[in-house]
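Q: Single-letter residue listing:
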Amino acid sequence: MNYESMAVTVSDLNLYIKDKIAKDEALNAVVVKGEISNFKAHYTGHFYFTLKDDKSLIKCVMFKTYADRINFKPKDGMKIIVFGGVSVFERDGIYQIYVKAMQEQGIGDLYAQFEKLKQNLEKEGLFDEKHKKKIPIMPKIIGVLSSQTGAVIKDIINVSTRRNPNCYIRLLPVPVQGPGAAKEIVKGIKTMNDNNLADVIILARGGGSLEDLWPFNEEIVARAIYESNIPIISAVGHETDFTISDFVADLRAPTPSAAAELANPDIFELINKINSFRERARISLKKKIELLNLKLNKLKSSRAFTNPMQNIQNNYLRIDKFIKDLEKTIKLKQKDAENRFIEQTTKLDTLSPLKTLTRGYSIVEKENKPIKSIKDLNEGDEILIRVSDGKKKAKILK
Amino acid sequence: MKQESFEVKIKKLEEIVNSLEKGETSLEDSLKIFEDGMKIAKDCNKLLQEAEKKITIILESNGDINEDNFSTEDE
Chain A
1 MNYESMAVTV SDLNLYIKDK IAKDEALNAV VVKGEISNFK AHYTGHFYFT LKDDKSLIKC
61 VMFKTYADRI NFKPKDGMKI IVFGGVSVFE RDGIYQIYVK AMQEQGIGDL YAQFEKLKQN
121 LEKEGLFDEK HKKKIPIMPK IIGVLSSQTG AVIKDIINVS TRRNPNCYIR LLPVPVQGPG
181 AAKEIVKGIK TMNDNNLADV IILARGGGSL EDLWPFNEEI VARAIYESNI PIISAVGHET
241 DFTISDFVAD LRAPTPSAAA ELANPDIFEL INKINSFRER ARISLKKKIE LLNLKLNKLK
301 SSRAFTNPMQ NIQNNYLRID KFIKDLEKTI KLKQKDAENR FIEQTTKLDT LSPLKTLTRG
361 YSIVEKENKP IKSIKDLNEG DEILIRVSDG KKKAKILK
Chain B
399 MKQESFEVKI KKLEEIVNSL EKGETSLEDS LKIFEDGMKI AKDCNKLLQE AEKKITIILE
459 SNGDINEDNF STEDE
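Heads up: the sequence lines are chains A and B, in that order.
Numbering of the first sequence is given in the numbering used here, commencing with residue 1 and proceeding in unit increments.
Numbering of the second sequence is given in the numbering used here, commencing with residue 399 and proceeding in unit increments.
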């Protein structure tokens with residue numbers, strides 16, 4: 001049998017296998033869990049490692065673009081979950097996983113735990129705004145729960161002293177990661193409260209992975225924060241990290257320094273504020289006094305004081321004027337009356353019978369009635385003859 | 399509590415200044431609240447100056463607390 005003509009080349013065979021695998025949907029996107037071994041981070045930024053379980057192993061490669069995105073440092077022995085596609089590397093005739101994403105095993109459950117606890121506490125109302133205590137403007141003593149070493153306590157001290165050179169900081173050192181840290185933190189909060197060691201507490205730690213920050217996601221720490229009578233500012237992890245402590249705390253600061261800013265009043269600003277109030281008070285009082293003074297002077301300089309008599313004289317003048325007016329009007333009235341009187345009397349005069357008498361006529365009256373006709377007179381009648389200058393009695397002869 | 403009164407003092411000082419600036423209060427009242435304001439301002443400043451810098455560390459051993467001075471290495 002002539003096998004030679006039947007034989008395929010090695011690369012053809014590998015190509016065929018690669019093609020076979022490429023067609024299999026399931027192999028294009030796989031999620032695999034296993035333990036890392038002989039992990040190598042190549043200088044090009046690519047990761048080469050094998051993933052194994054107790055029975056077998058598979059080679060993996062993670063190119064730089066994906067490798068840069070994971071937020072933890074993969075190490076041998078670490079249990080992880082990878083997501084990627086299976087393909088053949090023809091040159092070496094091996095199949096491997098081309099990894100696109102990687103996550104620590106068990107981390108999944110941490111996130112799940114975190115979410116579950118967050119929801120429960122939220123439902124219970126531990127995050128409610130109304131339970132949050134106000135941070136005092138002028139705390140006398142600032143308590144700090146953080147590790148004794150490292151940048152966190154240094155930052156807090158630096159920022160605090162910058163804002164308030166006379167600040168009083170009490171550090172109660174607590175472990176900020178690893179098992180048992182949660183219990184110590186709770187104990188720290190309790191000690192501070194029981195002995196009333198501070199007016200505000202800063203609970204702080206630097207950045208880290210989810211495991212590193214885990215104590216601050218523990219329920220006992222959340223409850224301790226909630227029950228603390230002293231207001232608590234939490235500054236855990238990087239600005240972008242949110243732990244349950246941040247939700248429960250009375251105030252969340254993005255960084256330890258920010259927490260120190262929030263806890264410490266800026267003394268210089270406060271002093272300026274007080275002095276400006278004092279100045280404004282002085283100025284407005286001075287203005288008020290000046291205003292009243294002006295009013296007083298205006299009044300004093302008014303004629304009523306400088307020449308009090310004048311008022312009275314004015315009144316006299318007015319009175320005189322009135323009198324004159326009165327007199328004038330009275331005189332007028334009188335004259336008017338007189339004229340009318342004269343007018344009437346002259347009229348009377350002209351109409352009056354006496355006028356004719358002066359011209360020699362006389363009026364004969366009988367029984368006080370003027371006689372107009374001779375018939376009214378009889379012999380022996382007694383009559384009265386009125387002439388201009390008087391009257392005489394007479395008798396009718398015939 | 400001491401701090402509470404500091405916050406209350408600042409608030410009162412502010413109210414005094416506002417009412418003086420409004421200028422509606424009588425002369426006697428103005429003088430009176432002006433004096434109050436000056437006194438409050440003095441108290442506040444005294445309180446600020448009085449405080450003394452202290453950075454300490456609390457160490458708890460079986461229940462009792464002791465406090466020592468604390469300094470970060472480079473201080």
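You may find that some hints are simply not true.
Stated by the list, open to error - Beyond 10 Å from chain B on every Cβ pair, some chain A residues (computed):
#1 Ser87
#2 Leu110
#3 Asn164
#4 Ile169
#5 Leu171
#6 Glu227
#7 Asn229
#8 Ile319
#9 Lys398
Said to hold, decoys possible - Pairwise CB distance ranges (calculated):
#10 A/Ile135 x B/Ile463: 32 to 42 Å
#11 A/Leu294 x B/Lys410: 25 to 35 Å
#12 A/Phe268 x B/Asp466: 27 to 37 Å
As the list claims (entries may be wrong) - PhoX-like cross-link-like pairs, simulated, lysine-lysine; straight-line CA separation at most 20 Å:
#13 B/Lys407 x B/Lys440
#14 A/Lys59 x A/Lys33
#15 A/Lys331 x A/Lys366
#16 B/Lys452 x A/Lys273
#17 A/Lys140 x A/Lys123
#18 A/Lys134 x B/Lys452
#19 B/Lys409 x A/Lys140
#20 A/Lys273 x B/Lys409
#21 B/Lys430 x A/Lys288
#22 A/Lys140 x B/Lys451
#23 B/Lys410 x B/Lys420
#24 B/Lys410 x A/Lys273
#25 A/Lys118 x A/Lys20
#26 A/Lys369 x A/Lys355
#27 B/Lys420 x A/Lys140
#28 B/Lys451 x A/Lys134
#29 A/Lys286 x B/Lys420
#30 A/Lys40 x A/Lys23
#31 B/Lys451 x A/Lys154
Since the hints were made in silico from the structure, they are not lab data.
The structure displayed is predicted, hence computed values, not measured ones.
Glycine included, every Cβ here is placed at the ideal spot set by N, Cα and C.
Q: A separate judgement is required for each hint: does it hold in the structure or not?
A: Results of checking the hints against the structure:
| no. | hint | result |
| --- | --- | --- |
| 1 | Ser87 | 53 Å, holds |
| 2 | Leu110 | 31 Å, holds |
| 3 | Asn164 | 8 Å, violated |
| 4 | Ile169 | 5 Å, violated |
| 5 | Leu171 | 5 Å, violated |
| 6 | Glu227 | 19 Å, holds |
| 7 | Asn229 | 12 Å, holds |
| 8 | Ile319 | 40 Å, holds |
| 9 | Lys398 | 114 Å, holds |
| 10 | A/Ile135 x B/Ile463: 32 to 42 Å | 24 Å, violated |
| 11 | A/Leu294 x B/Lys410: 25 to 35 Å | 30 Å, holds |
| 12 | A/Phe268 x B/Asp466: 27 to 37 Å | 30 Å, holds |
| 13 | B/Lys407 x B/Lys440 | 11 Å, holds |
| 14 | A/Lys59 x A/Lys33 | 13 Å, holds |
| 15 | A/Lys331 x A/Lys366 | 46 Å, violated |
| 16 | B/Lys452 x A/Lys273 | 25 Å, violated |
| 17 | A/Lys140 x A/Lys123 | 35 Å, violated |
| 18 | A/Lys134 x B/Lys452 | 24 Å, violated |
| 19 | B/Lys409 x A/Lys140 | 18 Å, holds |
| 20 | A/Lys273 x B/Lys409 | 11 Å, holds |
| 21 | B/Lys430 x A/Lys288 | 13 Å, holds |
| 22 | A/Lys140 x B/Lys451 | 10 Å, holds |
| 23 | B/Lys410 x B/Lys420 | 15 Å, holds |
| 24 | B/Lys410 x A/Lys273 | 13 Å, holds |
| 25 | A/Lys118 x A/Lys20 | 47 Å, violated |
| 26 | A/Lys369 x A/Lys355 | 19 Å, holds |
| 27 | B/Lys420 x A/Lys140 | 34 Å, violated |
| 28 | B/Lys451 x A/Lys134 | 24 Å, violated |
| 29 | A/Lys286 x B/Lys420 | 13 Å, holds |
| 30 | A/Lys40 x A/Lys23 | 30 Å, violated |
| 31 | B/Lys451 x A/Lys154 | 15 Å, holds |
This entry does not satisfy hints 3, 4, 5, 10, 15, 16, 17, 18, 25, 27, 28, 30, going by the numbered hints stated previously.
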